[in-house]
Structures are given as structure tokens and as C-alpha cells.
Amino acid sequence: GAVVSQHPSWVICKSGTSVKIECRSLDFQATTMFWYRQFPKQSLMLMATSNEGSKATYEQGVEKDKFLINHASLTLSTLTVTSAHPEDSSFYICSARTPRATNEKLFFGSGTQLSVL
Amino acid sequence: GNSVTQMEGPVTLSEEAFLTINCTYTATGYPSLFWYVQYPGEGLQLLLKATKADDKGSNKGFEATYRKETTSFHLEKGSVQVSDSAVYFCAQSGATNKLIFGTGTLLAVQP
Numbered sequence: 001g002a003v004v005s006q007h008p009s010w011v012i013c014k015s016g017t018s019v020k021i022e023c024r025s026l027d028f029q030a031t032t033m034f035w036y037r038q039f040p041k042q043s044l045m046l047m048a049t050s051n052e053g054s055k056a057t058y059e060q061g062v063e064k065d066k067f068l069i070n071h072a073s074l075t076l077s078t079l080t081v082t083s084a085h086p087e088d089s090s091f092y093i094c095s096a097r098t099p100r101a102t103n104e105k106l107f108f109g110s111g112t113q114l115s116v117l
Numbered sequence: 001g002n003s004v005t006q007m008e009g010p011v012t013l014s015e016e017a018f019l020t021i022n023c024t025y026t027a028t029g030y031p032s033l034f035w036y037v038q039y040p041g042e043g044l045q046l047l048l049k050a051t052k053a054d055d056k057g058s059n060k061g062f063e064a065t066y067r068k069e070t071t072s073f074h075l076e077k078g079s080v081q082v083s084d085s086a087v088y089f090c091a092q093s094g095a096t097n098k099l100i101f102g103t104g105t106l107l108a109v110q111p
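Protein chains in written order, with the numbering used here: chain A, 1 to 117; chain B, 1 to 111.
Please keep in mind that the hints were generated in silico from the structure rather than gathered at the bench.
Using 16 angstroms as the maximum straight-line C-alpha spacing, the simulated EDC-like pairs for lysine to aspartate or glutamate come out as follows:
no., chain 1, residue 1, chain 2, residue 2
1, B, K98, A, E59
2, B, K56, B, E69
3, B, K60, B, D84
4, A, K41, A, E87
5, A, K41, B, E8
Just chain A, same shape as in the assembly (with noise of 0.2 angstroms):
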């Protein structure tokens, strides 16, 4: 079946330093990918959609200049977490469409964990 590889699976970092997640579709084209985040004991929320080759949409309540999202191309979308600071730490999950797929039907990254010090 589809695969979506996601990584670092987990990163430690410094406050107001900035990081990088990546998502790659790869045995498929992912014409759409999705960002969540969770907090503890929180739902699984959606940040972001992004669609491959132009700006990603972003969910009310999350600060599109602070987590930059980069779909340049059919198989690998990033997320950067700008200037972390400890509330930014969560886990961050991707998932990717296949083109003509509903959103029903995606395809989950396992995860990073990002713990911001």
C-alpha cells in the first residue's frame, strides 16, 4: 500500500531556534498533503493544507509566518517550526491524498515529536 515517511521521528531543539519536518509520499503523487499537530490530551488538530505548487491554507488560530509549509513538489512537503519556543512543543503528523482521492482516504506519516527546551 501507499507509504508516507516522515521525519525526524522526534527532535529535540532549543528555544527560538527553528525546525524542519519533512513528509515525502513514495511510491505515489500527492497532489494535497495535510499538517496536524496534538497536543497532550488533545484532539488531533489540522494546521494546514498545502497543495503542490502553491500556498499553503492555513486552520484559524494557527500563525502561518511561524509554521512555514513548503510543497515544491508532488512528493515531499515541509513544515517549519519558526523560532520554536516551549509551546510549540507536540506531535506533528502528515498525511498525504493521492490525486482524485476524497479526504477520506489518506495516508498517514508516523510522526515527529518536538520537544522545544
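With chain A held as given, fit chain B onto it using these hints.
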């Protein structure tokens, strides 16, 4: 707005025990409902789904019935195995067809 509420884990069971993970939703309209499973070190994958009231989704011995009257979609399995240990997410497709997830419930099955 639309939301999903599921029971807080962890749920710890012995092998062959009966499993229920509760899930309720709030929605305008009639969303599709899903259960996703995340095994250790892997991405979420769709376990089962139901698209309308009274539908029953089933897969790998797991079942869930779409109950409109109680706005619920509880996950059940008659006899769990150690290999079922994972995090289970309940979800609905919202008005914009985006997935809305619950908090996830960690299931630990002991031999």
C-alpha cells in the same frame, strides 16, 4: 462546531477480553464516521468507517455502528490480541470534508 469526543486512555486489557472504546460526536448534518489505528512506529491507518445512520463498519474483528440517536460510534472487539495494542482515533468528516479527530485512546493488551 463539529467535534469528536472519545474515552481517555490508556485502556489495559488481558488477551481475549472484550473491548469497547467510546466515541461520540457533534455535527451539523450527517458526517461520515471513522476509526483509525496507529501501531507503534507507524502512521495512522483507516480501520473502519460508516457513512450513514445504522451502518456498521467492520474490519479485523473490530466493529462500530453509526448511531444517530445517540451521536455515537463506539468501537468494539469481542476478543482482543496483543497485536491489537495501538492508539485508536475516532474521526468524522466535517462540513468541509476535512477529517476531525478525537484525542486518541491507547490500548494495551497484556498476554
